[in-house]
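Once you've looked at the hints, dock chain B against the given chain A.
Chains as they are written, first to last, in this note's numbering: chain A, 1 to 526; chain B, 1 to 336.
Think of the hints as simulated: they come from the structure by calculation, not from any bench. Be aware that one or more of the hints could be misleading.
Simulated pairs of lysine-lysine, BS3-like, Cα-Cα distance not exceeding 27 angstroms [to be verified]:
1) 293/A x 281/A
2) 16/A x 225/B
3) 392/A x 16/A
4) 2/A x 163/B
In silico negatives: residues of chain B with every beta carbon more than 10 angstroms from chain A [as the list claims (entries may be wrong)]:
5) 2
6) 119
7) 283
None of these values were measured; they are calculated from a predicted model. Positions of the beta carbon are idealized from the N, C-alpha and C atoms, including for glycine.
Okay, here's what each chain looks like letter by letter:
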Amino acid sequence: MKAFATLINALDSTNKTNLKLEAVDRFLVEADENDKLWFLALFTGKRPRRNVNTALMRQWAIEAAQIPEWLFFESYASVGDLGETISLILPQPEHYIERSLSEWMELIVQLKDATDEEKKRFVLEAWNNLPHTERFIFNKLLGGSFRAGISAQSLINALARHYDMDTSAVAHSIMGGWKIGEVTFGELIRGAYTDTQLSKPYPFCLAYALEKEPEDLGAITDWQAEYKWDGIRGQFIKRNGEVFIWSRGEELVTGQFPEITDALMQWPGNFVIDGELLAYKDGRVLNFSELQKRINRKTLSAKMLADVPVVVFAYDLLEWNHEDLRAQGLRERRSLLEQLLTDNPVSYVQLSPIIPYESWDTLKEIRSNSRSVNSEGLMLKHKDAPYHTGRKKGDWWKWKIDPLTIDAVLIYAQKGSGRRSAYYTDYTFAVRQGDQLVTIAKAYSGLTDKEIQEVSRFVNKNALEQFGPVRTVKPELVFEIAFEGIAFSNRHKSGVALRFPRIVRWRKDKTAAEIDDIEDIKKMIR
Amino acid sequence: MLRFTSEGIYCVPGGFYIDPWKPVDMAVITHGHADHARWGMKRYLCHHYTVPILKSRISQDITVQGVDYGAPVMINRVQVSLHPAGHIIGSAQIRMEYKGRIAVVSGDYKIQDDGLSTPFEPVTCHEFVTESTFGLPIYNWLSVSEQNRQLQQWVLDNQAHNKTSVLIGYSLGKAQRIMKALEGIAPLHVHYSIGRLNQAYESVGIQLPEYQIIDLREDVKHLDKGIVILPPSLLDSNVIRKIPNMAHAICSGWMQVRGARRWRSADAGFAISDHADWQGLLDVINATGAEQVYVTHGQTAVFTRYLNETGITAAEVKTEFGDEEEMTGPDITEST
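So here's chain A without its partners, still in its complex pose (with noise of 0.2 angstroms):
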């Protein structure tokens, strides 16, 4: 498990992102197949069942490390992560066992059918035989629930430069249902279960924020106004039957959206189509809140499809039967595009709407009242550019409408978890309600490192209560808090729900005297 220790080693010690490739590149180079393979099934979700729960785990350790549990919590709180707390606080190890990662992956698969106390005696003899670093990726391995500090994009780039291959392509070989003892990691890499051409989507153009004034544009004729839908960007790819559905973080989201792809595979044709996937009800799109619900769950249920129902609002067709229209202008590019809507008419995807306007000043006008509608704001294409490949200023401008802000106290303070464990990362805001503060949103970014420290110092100073990981501190430090939208809510002591709430800065300028009101605050909901 050296190699595999080595690499978890270096993906944590570093947050260059080259670094972290070099490592998986250099894991690459030592491992061998089966630990390769099993790094892949670790890091890509196709981890096995957890076979020892974490309370046996825990009554274990504390037994084996001879201190009252009171104390293995406050080491636990200490630390943010119970495998690493295992690890810390149990006695050296005696010996030691060198196996390789899949030797360990496949012993704690076989503890499926084991008793518990086999299992106990399996996990004690691994402790006392491996040194802190694999003590820890043992617990991890045993949990289940490996995370390092790689994200899946980036372990794509890795598995693409250290074998020349296109990221879209690795990233469609290692996605599919393959099963650890069933594939070989070579071939499976070099997509010899799937076919990565038919799957594979475009780079998607995308638009620099609008700073000029629209006038400065040019003609109004010229460009196709839009709103700037708040969902998951998707391409739609339908090539020889197979529909692929990639987000703009180029992962295959086939599985997650169901409905889509079953009325896709009705299309006749080969296409792939841009487009927003948005939470759409009732003839109205959704906060993006709902739409959140929804993605990234292992399996749907039939409750959790039919109280988010999911719609496309398609931009852009980019390739009809498997020709690349990416070259020709948007006018082009549209027209087909409503064609072939026109002949697959279905409620699961729409066109996103062109807004007709007369003058900048109309379409000002309609900026603002984007939010009415669930839009950030509004896009502005030139109808004769082609579709770029990434960001390309000129032809596709985002024109968003400006974060709502108010001012608000810092009231109750927790620490983060892992990387953050040590400082108190997680805020509570509360604003005026006459002469009483009421909470009115939660914030968990937007400070820099050394504000962090800042604040988590005054807590330290200042912290009036405590209710488990919870601190109350004195309500002294205002901050400003940036939001998407406002609306009523009963779930809400406030009686109102922020949608996206962020610290823009710290109002060291400002006291708490000066913090907005909730009743004005009221007002801003329209």
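Using the frame of chain A, we list chain B on its own:
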């Protein structure tokens, strides 16, 4: 015999303070770290190795008396003696004996022999004041030889990849320890703040490995594949990034925990500390045979509870001592 006041730890019959944080007449100092040795005392007493440190850090004009380990000094009928604490060079436990009762204030200490500091010696006493910086069972250090081997291996690996090794460690204690561990592997370059303290040590006859003081504002290309030792205050500065082709490692007890290593996102983290680990704290407390233990800075609540549960009478004491490694760790109490 001891009273914990808002000025510091007070020896009642002796009429003096130990590591006070407010100006007083007479201060006995355990060691030269800034949170233990503060300015403004009329008279200081410390180990004679600590004298140049105090002068360098506080002022050349202070009134300070240096003594040897084990040499008794009478202060108002209290017999005071200093005993090695193993924390850094010159660090001492303060033993006080009055009418047959003995109290020991340990300051900061570690059991491991780092090869530079005079090794820790347990002192039997009735009352013992202990730190608890790493008073959780997750903190268990590797042996010094294993720590040194890892450091050396890391530097050698860097050299194999044509990289300069930058090590981050507290300028007083840790930096000298790193120098010792890496002696002879590659040229040692130290930041001037470390150089200043090295000179203070050398002035009292302590032998340190050969080193060069480096000015990072000047050309840093000649550092190629060498070793650079910097204090933690430079961690977030541009200085480190300006060193071409370098890998940097943080040496601190806090590096024991993955979250802390990832937070700082250095290229490596080595759990090397000048404080006692969990087992070290327990071993020392048992060795003193103290009937009353006072727990100061660190994991005071947890450690005190644990001691009481295992039959050792202990109480938490609030002090203003910090942790010199705080730049690298989760203990965010402001250093004063």
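The hints, checked one at a time:
no., hint, result
1, 293/A x 281/A, "holds (15 angstroms)"
2, 16/A x 225/B, "holds (21 angstroms)"
3, 392/A x 16/A, "holds (26 angstroms)"
4, 2/A x 163/B, "holds (23 angstroms)"
5, 2, "holds (26 angstroms)"
6, 119, "holds (22 angstroms)"
7, 283, "holds (15 angstroms)"
Every hint from the earlier list agrees with this structure, and none is contradicted.
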